Every structure is written in structure tokens, then in C-alpha cells.
Amino acid sequence: MRYRRNSRSTARFLRSAQLYPVVRDMTREIARRARRLAPIGDTGEYVDGITTHYHGGWTDGRLVGEVEATAPHSAAVEFGNAGNKHSAQHVLRRAASGEG
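Just so you know, we're using our numbering here: the sequence shown kicks off at 16 and counts up by one.
Read the hints as simulated data drawn from the structure, not as lab findings.
This structure is a prediction, so every number in the text was calculated from the model and none was measured.
Errors might be hidden in some of the hints.
The following label-pair restraints were derived from C-beta to C-beta distances [as the list claims (entries may be wrong)]: (1) Pro54 / Arg77: 30 to 38 Å; (2) Ser102 / Phe28: 39 to 47 Å; (3) Ala32 / Gly56: 24 to 32 Å; (4) Pro54 / Arg17: 47 to 55 Å; (5) Ala97 / Arg19: 48 to 56 Å; (6) His101 / Met41: 49 to 57 Å; (7) His70 / Arg17: 36 to 44 Å; (8) Leu29 / Thr66: 43 to 51 Å; (9) Ile55 / Leu34: 32 to 40 Å; (10) Glu44 / Met16: 34 to 42 Å.
Glycine is no exception: its CB is placed at the ideal position from the N, C-alpha and C atoms.
When you get a sec, could you build the whole thing from the sequences and use the hints?
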């Protein structure tokens, strides 16, 4: 038996409502893990600023789920800050890879 991929059908599925619950649940789980891994700090602003978004993305309208850290110092937490000698925590990367 020989398999031939049906690109049109696959693309239609990637834009379908059937996929929304899967993308939503995975995105929420990554956000939960990120909140567990995140440093709390004095204000909890970083943890409180971890949000999720869903939209039709890419160029063909496929559903995309995003986890974003919106606190003003989010980049310093994620990538580090050489000026303050703080090391990178890679919270979002670690959460997306399944840690936490």
C-alpha cells in the first residue's frame, strides 16, 4: 500500500474548529507550567502577566495558541540581564518543552 498525503484536506483540518480545543488545552497547560516555574518576586507581576492568546495565524489561517509574559521585566527574566548579573531563567522555553 502506498500513502499519498492529501495537502488540501490536511490544511482544511489545521484551520478547523475541531482543532481549537486541542490548541486551547495545550496552550493553557503551557501557561500553567510557566506560572509554576516563574519566580514570584516581591510583587508577583511576572506570574500575573503570563497570558494566553489564540488566533488564526501563519499565512494560511491555521489556529495558533501563544503564551506571553507581559510584565515590563519579562525579557530580563527570560533571557537574563548582564547589567544586574541576573542569569536567564528561560521560564517560557522550559514550560513549552514540558518542564514544570
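Hints versus structure:
1. Pro54 / Arg77: 30 to 38 Å: 33 Å, holds
2. Ser102 / Phe28: 39 to 47 Å: Holds, at about 42 Å.
3. Ala32 / Gly56: 24 to 32 Å: Because 39 Å falls outside the window, the suggested range is violated.
4. Pro54 / Arg17: 47 to 55 Å: 53 Å, holds
5. Ala97 / Arg19: 48 to 56 Å: Check passed, 52 Å falls within 48 to 56 Å.
6. His101 / Met41: 49 to 57 Å: The hint (49 to 57 Å, Cβ to Cβ) is violated, given that His101 and Met41 are roughly 30 Å apart.
7. His70 / Arg17: 36 to 44 Å: 37 Å, holds
8. Leu29 / Thr66: 43 to 51 Å: 24 Å, violated
9. Ile55 / Leu34: 32 to 40 Å: Roughly 34 Å apart at Cβ, these two residues keep to the hinted range, so it holds.
10. Glu44 / Met16: 34 to 42 Å: For Met16 against Glu44, whose Cβ atoms are near 36 Å apart, the range 34 to 42 Å holds.
Of the numbered hints given earlier, the model fails hints 3, 6, 8; all others are met.
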